[in-house]
Amino acid sequence: MKIENIREVLLLGDDQSIEILSRCRDLELIGAIVCGFLNTSGGSIVCGVDDKGNIIGIDDAENAARDLERGLLHGLSPTALVSVQVYRIEEETLLVVEVPAGKDLPYAFENVIFLREGQTTRRANVETIRDMVLRKQVEPERWERRFSSADMKIDLDRDEIRSAIHAVNKTSRFQFRDGDNTVMVLEDLAVCRYGRLTNGGDVLFGTNPAMRNPQVRVRAACFTADRTDDTYRDMKSFEGPLVPVLENVFRFIQRNTPTISRFGKGNLERRDDSLYPVAAIREGLVNAFVHRDYSDFSGGIAVSIYPDRLEIWNSGTFPEGVTPDDLSTGHISVLRNPDIAHVLYLRGLMEKMGRGSVMIRKACDEHGIPLPRWSEDDHGVTLTFYAPEVTPEVTPEVTPEVTPEVIRMLDAFEGEMSRKNLQDILGLKDNEHFRKTYLLPAIHDNLIEMTILDKPKSSKQKYRLTEKGRALIGGDRS
Numbered sequence: 001m002k003i004e005n006i007r008e009v010l011l012l013g014d015d016q017s018i019e020i021l022s023r024c025r026d027l028e029l030i031g032a033i034v035c036g037f038l039n040t041s042g043g044s045i046v047c048g049v050d051d052k053g054n055i056i057g058i059d060d061a062e063n064a065a066r067d068l069e070r071g072l073l074h075g076l077s078p079t080a081l082v083s084v085q086v087y088r089i090e091e092e093t094l095l096v097v098e099v100p101a102g103k104d105l106p107y108a109f110e111n112v113i114f115l116r117e118g119q120t121t122r123r124a125n126v127e128t129i130r131d132m133v134l135r136k137q138v139e140p141e142r143w144e145r146r147f148s149s150a151d152m153k154i155d156l157d158r159d160e161i162r163s164a165i166h167a168v169n170k171t172s173r174f175q176f177r178d179g180d181n182t183v184m185v186l187e188d189l190a191v192c193r194y195g196r197l198t199n200g201g202d203v204l205f206g207t208n209p210a211m212r213n214p215q216v217r218v219r220a221a222c223f224t225a226d227r228t229d230d231t232y233r234d235m236k237s238f239e240g241p242l243v244p245v246l247e248n249v250f251r252f253i254q255r256n257t258p259t260i261s262r263f264g265k266g267n268l269e270r271r272d273d274s275l276y277p278v279a280a281i282r283e284g285l286v287n288a289f290v291h292r293d294y295s296d297f298s299g300g301i302a303v304s305i306y307p308d309r310l311e312i313w314n315s316g317t318f319p320e321g322v323t324p325d326d327l328s329t330g331h332i333s334v335l336r337n338p339d340i341a342h343v344l345y346l347r348g349l350m351e352k353m354g355r356g357s358v359m360i361r362k363a364c365d366e367h368g369i370p371l372p373r374w375s376e377d378d379h380g381v382t383l384t385f386y387a388p389e390v391t392p393e394v395t396p397e398v399t400p401e402v403t404p405e406v407i408r409m410l411d412a413f414e415g416e417m418s419r420k421n422l423q424d425i426l427g428l429k430d431n432e433h434f435r436k437t438y439l440l441p442a443i444h445d446n447l448i449e450m451t452i453l454d455k456p457k458s459s460k461q462k463y464r465l466t467e468k469g470r471a472l473i474g475g476d477r478s
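Under the numbering used here, the residues of the sequence shown are numbered 1 to 478, in order.
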């Protein structure tokens, strides 16, 4: 297979630097190439293709990807967002390592600084290193890297930190030095230095980051007509740690957009779908949180739902060198907030790095709705999803108002779980508090159900998500 075909199948940009390797076990070689990409313009490594372009595949690809990703994360300094993904092409398995252009030059792998020149990776000489260091000293520090005024003793959301640890451990993308030591965990996530929280750490794990940075609030509104009419059906402002806010905004959209009843070709079976593809909405929201300009105190994120479209706006501009046309083809991600993106990636909230726009377009096309549109003005960037012109049998979705505590518990579910399992994962020791605040409201709203209905107090009692509960968190967990 020619390199052009590999680019097309893997949705890699035409101007993106690519290294082809037959194997993926040489961590020293791959680490040097990744380091070189970080110190220049980014790129990708495709493992499982020989020198002639034949796809030979990678054995035990899932474990190989996990081992490679961990090795890269631990060998790179400073911390960098690097994605390792598994793909199947022509009945063979490939590994693709995606590397954005780094923001914190110079990067080193195992204490050696590498550069990428064309198709060659080489060690940086003394003059180049000196130039990179001097440039770093004169360039302004990123907003997310500046120290926050938050007090780590009283302003940290410990529950959210525990949720992050659980999510990162679940993805197996990273291994903490000590998961019980809060400061070490935050240091491992590159959001804490010298015992002080960074702005990025405050956004992710502060109990109320909006007190210190009001621009982190998210506004959402559902209008009854077009923007010329200020009448709305629902309006809310969300604030708190980033991930719970992200999830609550997603549920606001789900609650305020209708479902569509469709009939499959050749049969009479009806299928109920959301008006907009769930995967595309989640990806669009994640992109807004990752790429927005947090340094703009008049900025933020706004979601506007109209009868014929959905708009997700974030303050800031397109990354340098990226145009709306680029978003229809794969391109390596240029990250405005790499520390925040790094945490979301480790938690499993970002998957296909650098090609979210392609995924969004593909999901809309497969869903049978018009392709979305990205636009930019002096105030920010807007992603617009368009409803289909004809929406047969549209029915409003009824979603209960659910507390953040119940949502945290639903997100923790993996199959059937005991009360003790849930409390351990959530880090809750007060049995009565868990019962009244988490368990009973979820049962009352038919979001979870008991496995032993005739013996509610059985010592073997477990709980599982109902179909309603799975739909609420946007997952398919049984």
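Hints were generated in silico from the structure; no laboratory data involved. Cβ atoms here follow ideal geometry from the backbone N, Cα and C, with glycine treated the same way. Check the hints yourself; a few may be wrong.
[Said to hold, decoys possible] Here are the simulated lysine to any residue pairs, SDA-like style, with alpha carbons at most 20 Å apart: (1) 236 <-> 210; (2) 429 <-> 131; (3) 462 <-> 384; (4) 462 <-> 387; (5) 170 <-> 70; (6) 236 <-> 307.
[Unchecked claim] Estimated spans, in silico, between C-beta atoms of each pair: (7) 460 <-> 146: 48 to 58 Å; (8) 317 <-> 217: 14 to 24 Å; (9) 453 <-> 29: 51 to 61 Å; (10) 137 <-> 389: 53 to 63 Å; (11) 193 <-> 233: 36 to 46 Å; (12) 453 <-> 110: 25 to 35 Å.
Fill in: Structure-inconsistent hints, enumerated in ascending order
Checked against the structure, the hints that fail are numbers 2, 3, 4, 12, while the rest are satisfied.
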